[in-house]
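Residue numbers (the working numbering), protein chains in the order written: chain A, 98 to 237; chain X, 98 to 237.
Because the hints were derived from the structure by calculation, they are not lab data.
All clues stand as given, with none of them false.
Far from chain X, some chain A residues (derived; all Cβ distances over 10 Å):
hint, residue
1, 108
2, 114
3, 163
4, 195
5, 200
Just so you have them, the derived chain X footprint on chain A, three or more residues with Cβ under 8 Å:
hint, stretch
6, 126-136
7, 182-192
All of these numbers come straight from a predicted model, not from anything done at the bench.
C-beta atoms are modelled at their ideal positions from N, C-alpha and C, and glycine is treated no differently.
What follows is the residue order along each chain.
2 protein chains.
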Amino acid sequence: MFHNDGFHALDRQECLRLLAKVPVGRVVYTRQALPAVLPVNFSLDTDSSVLLRTPASSDLVRAIDGAVVAFEADDFDAVARSGWSVVVTGRATVVTDPAEHERLSRTGPRSWVVTGEGVFVRIESEMVTGREITVPHSTD
Amino acid sequence: MFHNDGFHALDRQECLRLLAKVPVGRVVYTRQALPAVLPVNFSLDTDSSVLLRTPASSDLVRAIDGAVVAFEADDFDAVARSGWSVVVTGRATVVTDPAEHERLSRTGPRSWVVTGEGVFVRIESEMVTGREITVPHSTD
Numbered sequence: 098m099f100h101n102d103g104f105h106a107l108d109r110q111e112c113l114r115l116l117a118k119v120p121v122g123r124v125v126y127t128r129q130a131l132p133a134v135l136p137v138n139f140s141l142d143t144d145s146s147v148l149l150r151t152p153a154s155s156d157l158v159r160a161i162d163g164a165v166v167a168f169e170a171d172d173f174d175a176v177a178r179s180g181w182s183v184v185v186t187g188r189a190t191v192v193t194d195p196a197e198h199e200r201l202s203r204t205g206p207r208s209w210v211v212t213g214e215g216v217f218v219r220i221e222s223e224m225v226t227g228r229e230i231t232v233p234h235s236t237d
Numbered sequence: 098m099f100h101n102d103g104f105h106a107l108d109r110q111e112c113l114r115l116l117a118k119v120p121v122g123r124v125v126y127t128r129q130a131l132p133a134v135l136p137v138n139f140s141l142d143t144d145s146s147v148l149l150r151t152p153a154s155s156d157l158v159r160a161i162d163g164a165v166v167a168f169e170a171d172d173f174d175a176v177a178r179s180g181w182s183v184v185v186t187g188r189a190t191v192v193t194d195p196a197e198h199e200r201l202s203r204t205g206p207r208s209w210v211v212t213g214e215g216v217f218v219r220i221e222s223e224m225v226t227g228r229e230i231t232v233p234h235s236t237d
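Please take these sequences and the hints and turn them into a complete structure.
Below is the structure:
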């Protein structure tokens, strides 16, 4: 898609390499039948799934646990009109296994704002797509 | 929402003021029953609706014309763990009125990649929400 509009597609490995370079992405989901989006800091697990940390009582957890969501990250240079974006699409689940929670407490993302324990949410990287601006910009 | 997690809500005017400061945002919509998201450059019209410019034949136009979508922009400082995000939710429509198209050709956003005419898409700012990190970050 969008092959003819000045972007080129990135392969899965390149997408994951770029994802690892940025601290913040955006969870894209449905809330009360409307499209919703929330920026969060994140990290990638060893299996390339996306990991978030959030309060257990958050609206986000209620909305996405068990649902297929998209997770987007990007980096653009407005002056050079260049950049990339990557989207991971997959099922989001709250990590409930105590050993896994313990492992992620040591290795997973640190929330910018959660002061208590919080929960970890894993988004499986079932589909990973990305694109990059590669053409010289016009002067229009 | 999320009032107790270190963020504070921004009012509509503050949201629109912040939106005007960044060149790129993300359209959040549904494609083939899955959550989808696409970064685009944009501008705000005089009535505070969000304006995009895209190829007339793009998958994006087919997916969002006539649909309610979300449009998100943000700016975060990972070192300071501070920043803001704004979400506009409203109906997206392709601008078909010739006079309006002509006006936007002069005043609307310039696509980074569209080399031909392209079409303008307007997202009505029916609901505008935003939040900002305001608490000092923990050292955890």
